[in-house]
Structures are given as structure tokens and as C-alpha cells.
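K.L.:
What follows is the residue order along each chain.
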Amino acid sequence: MELDIEPNFADTNPKAGVVGQPLTRVDGRAKVTGAAKYSAEYNNVPGLVHGVFKTSDVAKGRITGFDASAAQRAPGVLAILTHQNLPKLAITPDTPEGKKAIGMGVQMGFLPLTSDQIYYAAQPVALVVADTLERAQYAATLLKVQVATEVPTVSYQDPKAKLFDPTKLTVGKTENQPKRGDAQTAFASAPIQLTATYHHAITHHNPMEPGATIAHWEAPDRVTVYDTTQGITWTQKSLSAMLGLPVDQVRVVNKYLGGGFGCKGSTWPHTILTIQAAKAVGRPVKLALTRPQQFTSMGHREDQEQTLRLGATKEGKLLALLHEKTSTTSAWDNYAETNAKIVDLLYDCPHFEAQTQLARANVMTSTYMRAPGEAPGSFAIECAMDDLAYRVGLDPIQIRLLNYAEKDPSTGKPWSSKSLKECYARGAELFGWSKRNPKNGATRAGKTLVGWGMATASYPVHSGQGNARVRLYADGHAVVQAGATDLGTGTYTVITQVAADSLGITPDKIRFELGDSALPSTIVSGGSMAAGTVSSSVYLAAQDVWQKLTKVAVLDKKSPLYQAKPADVEVVKGRLQLKANPSKGEEFAALMQRASMGDVEGIATGRYGAGYESAQAALNASKTKKDDAGEHSMHSFGAHFCEVHVDPELGTVRVTRWVSVVAGGRILNPKTARSQIMGGSIFGIGAALMEGTNRDPNLARYTNASLADYHVCVNLDIPDMTVEFIDEHDPYINAMGVKGIGEISIVGTSAAVGNAIFHATGRRLRALPITPDKVLDAMRQPA
Amino acid sequence: MPADLVTPTDAPQPEDNSRRSFLKLSGGIVGLALAPPLAAQAERLTAYSKTIEGATDLTLRINGQVRTVRAEPRVTLLDALRERLDLTGTKKGCDHGQCGACTVHIDGQRVNSCLTLAVMAQGKEITTIEGLAKGDELHPMQEAFLKHDGFQCGYCTPGQIMSGVACVKEGHAKTDDQAREWMSGNLCRCGAYANILAAVREVAGKA
Chain V
1 MELDIEPNFA DTNPKAGVVG QPLTRVDGRA KVTGAAKYSA EYNNVPGLVH GVFKTSDVAK
61 GRITGFDASA AQRAPGVLAI LTHQNLPKLA ITPDTPEGKK AIGMGVQMGF LPLTSDQIYY
121 AAQPVALVVA DTLERAQYAA TLLKVQVATE VPTVSYQDPK AKLFDPTKLT VGKTENQPKR
181 GDAQTAFASA PIQLTATYHH AITHHNPMEP GATIAHWEAP DRVTVYDTTQ GITWTQKSLS
241 AMLGLPVDQV RVVNKYLGGG FGCKGSTWPH TILTIQAAKA VGRPVKLALT RPQQFTSMGH
301 REDQEQTLRL GATKEGKLLA LLHEKTSTTS AWDNYAETNA KIVDLLYDCP HFEAQTQLAR
361 ANVMTSTYMR APGEAPGSFA IECAMDDLAY RVGLDPIQIR LLNYAEKDPS TGKPWSSKSL
421 KECYARGAEL FGWSKRNPKN GATRAGKTLV GWGMATASYP VHSGQGNARV RLYADGHAVV
481 QAGATDLGTG TYTVITQVAA DSLGITPDKI RFELGDSALP STIVSGGSMA AGTVSSSVYL
541 AAQDVWQKLT KVAVLDKKSP LYQAKPADVE VVKGRLQLKA NPSKGEEFAA LMQRASMGDV
601 EGIATGRYGA GYESAQAALN ASKTKKDDAG EHSMHSFGAH FCEVHVDPEL GTVRVTRWVS
661 VVAGGRILNP KTARSQIMGG SIFGIGAALM EGTNRDPNLA RYTNASLADY HVCVNLDIPD
721 MTVEFIDEHD PYINAMGVKG IGEISIVGTS AAVGNAIFHA TGRRLRALPI TPDKVLDAMR
781 QPA
Chain R
1 MPADLVTPTD APQPEDNSRR SFLKLSGGIV GLALAPPLAA QAERLTAYSK TIEGATDLTL
61 RINGQVRTVR AEPRVTLLDA LRERLDLTGT KKGCDHGQCG ACTVHIDGQR VNSCLTLAVM
121 AQGKEITTIE GLAKGDELHP MQEAFLKHDG FQCGYCTPGQ IMSGVACVKE GHAKTDDQAR
181 EWMSGNLCRC GAYANILAAV REVAGKA
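Just so you know, the sequences run in chain order V and R. Sequential numbering of the first sequence, starting at 1, is according to UniProt numbering. Sequential numbering of the second sequence, starting at 1, is according to UniProt numbering.
If you are wondering where the hints come from, they were derived from the structure by calculation, not from laboratory data. For clarity, every value in this text was computed on a predicted model and none was experimentally measured. Accuracy of the hints is not assured; some may be wrong.
Claimed, not checked - Here are some chain V residues pointing at chain R (derived, C-beta under 7 angstroms):
1) I192
2) G259
3) L716
Glycine included, each C-beta is placed from N, C-alpha and C at the ideal position.
So here's chain V without its partners, still in its complex pose (with noise of 0.2 angstroms):
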């Protein structure tokens, strides 16, 4: 047992355990109790009190002065802070040198009340603290703020904005401008050539809870904050850059996380002012956002569109793709999702080129969102090659295949594993693919048009790594522990089930630990990073309690292993015995009594991605390259198919029937693992038929900002739904071999039921979301 060969689970442990298994959630019957406790639900927290924001109603302009002789005088304030009176911090992320110190935690580089700036509609400039919610929100409605108004700058489709190349400044020009082969020639001198531009409306993660933080000063130099953050240890490392502690002074807990998606990866503003606040009255604080704060607070997808060129030979062979992305970004951050990444690796393609340009608006930062850049890219490219596939008259899984990518056209690398073709098979059997109809608006139940549509899904294996501690009990049970997130992915079951198989017990003999920036610091859950970067600690932690135990035995003289060598013996389901000769050996319970170790802790880091695989080369790459810096390249890979019912007359689009079959590495579990990739497929539907956030085109405020005028999927608008697995084995990307799911199921998702609605009705549908006024737009001109 030498770690510095690094175990793989698959070599020890062979034998089906409870890893695999759909275990119902071990954290399910305090969410069906109602016994869950979410961060604004601290209220056993002494003497705290509560916060409200005052917001700003213009984009654009300077606060000129307050008035707040009424709000001030209202029952139970206890304070008003603005930019004027907000204690100050040791470091904002509004300059170089902050971002730097503060760190991948805070995205946003500008930090409300700090300045007399108003950069966008809703931007806290006050923050009123009284004893009660409703007081709070009263005496923030009596504040009057005094603003010189200014005209905003809406989008990057305002006349008044300046596109601009964002590679000179913060990301490097060789990283956002890929660039394969001569990409521009071979278009030009392509037999078929096809060229289309896509466009995406703004979209709000809405998880169901709001942002909150609570936040409580134990001592002046100590504080915990309770908050919604897919990831503690980020925030706790920039919440202490902010604050001038060290990392230790600052705890953050999150036991439960009421959906994320993306928003709750960074830290924003309203953390750090609720701290600040509490620091200024002294007393805890709680702060929730409204829902429509939540518009405004926690960033967005952005405004987007995207032009494809496509090159191909006349039997449909991918000769050169050429990507260009405009969208809008903030004041002062240049951010914008990388859609170029998915264009440039799904298919067999000699010549490729990309370019992203941005424009500043009054608007805040937009921020990742389930598959930032793959979601919105997969719409482009997916469009594209069912257009392609029409055009030459292939069936759309067929243009796929004549382009399958044998290894990865972006670096040339192998896969380290890719089961799409698999994908592709399975998802047409289950769905009845080959009684489509080949031609487009002929199929038809009533005066319904039905349409059959498919795309393919990809995402990739970020490197990344993470710690956890496991602590083993004589009697039989064991504590694991991890700084992770359960943001409903499963992570407290799946690390259970992972803990369980590698300690030979059963899940209910362990509690597995998370949500505390006191236990074992990991990564972010985000990227669909967290299920492999936990288990692989976890189950690496375990094998640190073997390896601990078995030295112990090895010299006790009791023990039917004394004086083996430490290399020769296994353990299987919790018994150390040696390899040659199973029978000798014994349970780990009875040499621990023996020896009276009440219990034995093992600690481990697990790696994710190219940095398990490659560790030195991962570890020397930049950050931008630690990605690619393994010898495979690392996805995982599926295909989705949908049936649409499009009503001629009204417009509307129903999705009827839905299949995706993913390839993700080892399943951990079936149960939590197929919810998953319903749901995003479930939030991939809403972007492409109905979700969108308006801008006002003159005043740069959200005109749908509430559950109500966003549209997001409710339960009559998802059919029956089909979700199945194709079984892989990766022995290249961590120690469990499991790819994230996380994400995948929202990509490719858009295109699947545009290329549904295209084949029901002949009409190609390129702005999301598709919307009845666009459909019947679309039904009015010929197809």
C-alpha cells in the first residue's frame, strides 16, 4: 500500500458496493421535513437583526446627497449605511492589485457603496439595518437618494456602444482567439458554405433561494458568515482579503444551498456589505435579497450573439469553422463566456478561427451559468450541422458521424475516453429516430406540426483538486469530512456511497460533512468539478487510514499480519489481509481494540482532471492551460432528442418527448445522476422557449424582473422524460473515474428542440428564446 503510486477505486475495489447503486439522498429527509437549514435560517444567531438594501432606480449618474430625516426617525433603525459612513475595507476588488489579493472568489470588480457612482439599475446604495424585516424595508422606502442622472448605455446594440477586443486586456490574445490551419481561405474555397448568426437573450440563473448572508462578529477580529456560496473556501479566502484577517478569522458555512447554477460561485457584493453592516451596528445580520434584487445581484448570462461560418465539402465534410461572438459586459470587468471552445471541439475540422468582441454597458458583470459558453456555443455549431445535414440531404445523426472527431481537433490530443457514438445509438433506439421522416413540416398530429430533432452534448474535465479527512472509529462508524457543497447535486449522498465502498461499511454507519470552511478546504461545486475532485479525496483519505492501520498491524504480534510487508496487504470491504493468502488477515474494528485507537484519521488530496493525470504539468502549467496539460484531452460527451408540437396558429411550442443518453465516467449514482440531467435539460428548455430578461432600450433597467414575468419551465410545460447512462471506464481523470454531470444536459439542449421545431416546421429558428411571436414570424415566410 504505497501512495505514491496513487490508487485507482476501479483496481481496489472490483466488486459492486454501494458506489453505483441509486441510494435514496441522505440528506432527503431533512429537505421533506422541512428540516434543512439554508443560510438565511440562522436565527438562533443572539440579537441579530436584519438588512434591507435601498437600490438605485437609474442605471447611470452619481449620488449627489441623501435624505434620510424620515428613514432615520422610523421605529427600530439602527443604521443607514452608504458610501459615505460603510466601515471600511482593508482591500476592494475595484483595482488590479485587489482582484489579484482577493482572488477568483469575487469576479466583480467594483464593489457598491464604496463610491458616488451608479453603474446600473438596482445597484445598492444604501443598506438599512432595523430590528425587524418589516421595519427594515419600511425605513428604506423613506431614504431619499439624490441623483445627477446620466444617459446609460443599454447593450452592445446601443448605437451609443464601443465594441471593443478583450483579449488585449485581461484573458491574453492566444487563449481567446484560437486560431487552427488557415480557417479564412478554406471557407472561401468551400463547395458548400454556410453562414448564420445566432442570438441569445439575457438569462438569470433564479435559483428557487434567494442570496443571503448572515453574518456575526464573534470577537472584533473574528467573524461567521452563513451564505449562499457554492463554495466556502473561495469565499472565505476573499472575504479575509477584504476584511484584512487572516483565512483562519473568517468562517463560512453553508449546509444547504438552495440551487446555484452558476450565481452562487462568486462572492457578491451583498456578502461582504452585510458583514460590514453587522460590524457597524454590532450586531449579527441577515440579509436576503428580494427576488427582484436577485435580477441585479448575483450576475446574469449575457446578452449574446454569435455568427458561424461553416465550410464544407458537398458530401457534408467539415472544411473550416469561423466563430465570432459580440455581447455585453459591465463597466469595468471583461467577461464573456468562452463559446468558442465547444465550436472548436465537437467535430473533425482542419481550419478553425474565433474571435469575441464586447461592449461595455450599464450593466453588472454577467457570470457563469450552467455550461458557461458550451450551453450558448452548442446552440451555434448544433444549428449549423443540422443545417449542414439538410443541405446535403444526411439524417443530422448521420453528418454527425461523417464528422466524428477521432481524437481532439482543438489540441490533437486523444480522449481520454469518448463513448458518443454509443450516445448517439442508444439515444435513437430509445427514441424511435429511425421513423423520422426526412423532410421537414410533414409530419403532422392534427393540425399540429411535429418535429424531431437531436444535438450532441460535450463538457469538459477541469483540473482541479481538493482535501478531505476521514476519520475512522473502532466501533465501526466513521466521520468524513470535506469543505464541499450540496447545491441539490447529490454530493452528501454520493460522497457517502464513495466513503462507504472505501471504508467497507455501510452508509449509514458514516456522516459526511460539508458545507464548513473548518473542515478540509476543496473546490468550488462548480464547473462540474466537485463530484470528481470530493470522491477521489475521499476514497484517497480512506486509503491513508488503511495504510495507517496496516503498519500498525504489521507489528503488532497478535495480529495474524505481523511482520508482513506493509506492500503485501490488501483491504477488502474493511479486513486487512494479506494479497497471496486472503484467509490471514482481520477486521480493522479488532486490531484498532487491540491496540486501543479509539479511532484513526486519514487525510488525502484528490486531483481532477489533467492535474491527476499529469500532475507536474498541471501544476507548472498557466492557469489558463491547466486544462490541456494532461496527454488526454478530458470530456464527457452525450446526445439529446426531443419531440415538439408546434401549433401553426398560435405559435407555441410544446416539448412532448425527450431522450439524452450521457457518457459521464463511473455513475456514482443512478438515482441522484438521472434527476440531474432532467434538470438541465429541463433549464435548457427554458432558454430556448421562454426564458429572457428585458432591458429597457432608454433606461437599462430589467422591465421582467420577478418569477412571474421570467419565465422559467413549470411542471405541465416537461414531459416523460428518458434519461440512460452508457457504462465508461477512465482511468485517466481521477481516482473514481468519474466525470462531472453537472452541466452537460443543459448543452446542446437549445439546439435539440430548434432542430425539432425546424423539422416540424421547416422554419430555422435562430434567436432564443423561441417565443410564439417568433414562430408565427417564421410561419408567415416561406420555408
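Dock chain R against the given chain V, drawing on the hints supplied.
P.N.:
Just chain R now, kept in the frame of chain V:
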């Protein structure tokens, strides 16, 4: 606020004050649940104040227990539960009746507690997610949600379950499409809809 809203009436009124839906509902099993609880007989002897200003003591009957909470008349039932009674199982997703996360039962009917003032809920039987199980024994709807994985993050779950229980009682879960429609007032952003449907239909099938 009109003072008569806090005056107890002889019989509970339907949430939407629609006599038609009230008559329809009171005919079935729900009629039993709607019958005034015995405790209300005694409570009715003491007239509620006609006007309320500032914080007063409100008496709420929640999950079979009488709770007293000092709150202003503008306090919603949702905030009374979450902020004053530490019954945080009922969730706030939008505070405007748009998402259903705050669904509770008042006299057996599903109600958005964010659109209900606590003061209006006096003299009525309030059930929250915390009151659904009988001790350690979960309500069949809770069991069905566990079995079918009817949730991910769990934040909409209490509202979905309360809505699901009422949906079955109302007789609105007889077909898949009917249950889908009558459960569409409860948003789930994780997208557990198919599993929620399976749970609600299973319980409806046993009812």
C-alpha cells in the same frame, strides 16, 4: 386594512373568497377538514380587536399547537413563521405569490403564506411542512418524494409537498396532465418535475 378581515366568521371562507369553489370543495373529504376546529368555539368568545396598530400579540394555531407571536399587522404569515417562530421549513422564493415555495395549508387548503397576513390567519388551522409527519412517521407524500427523488436542492420541496398533498385531496391528480397543471403553481428550478409528478400520482393512486 379593513378591520372586518380580522373578525372571525362563523365558517371559514375559501382562500379566493369564491363561493363556487368553496361549495365544490366542502362537498368532499375536504369538507371535513374545513369544519371549524373545536378550539375556535372558545376563541370566538373573545372578539378580536377591530383595529390593530403597531405590534400586538397574535394567536396562531400551527400544526396543532397554539403559538403566540408579537407582530405588526403588516407581517405576513410567511415572515411570522420564518422570522418569529423559527418554522423555517416554509420557504421564501419570491415573496409575491409567484413561485409557491411558501405554500402552507390553512384550514386544509393550500395557500401562499407570503400573500397572507399573519393577523388574518388567526382562528384558523395552519399546517406547515413541519407538521405533516406524525412523529417519526413521514406523510405518504414525503415518502413518495424521497422514493422518486422529487427534489434536488430541496428549497421548493416543502411547498411542492404541501401543494401535492392538497392537490390529491382536491381530486386534481387523477391523470398525469391534470396533476402537472395543478402542480404548476410551484416552481422547481432544479427541474425535478417528472419526479414530483411521479410522487404526486403515486399518492393519488393510493388515496
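K.L.:
Now, for every hint given, state plainly whether the structure supports it.
P.N.:
Hint check:
no.: 1; hint: I192; result: violated, 37 angstroms
no.: 2; hint: G259; result: holds, 4 angstroms
no.: 3; hint: L716; result: holds, 4 angstroms
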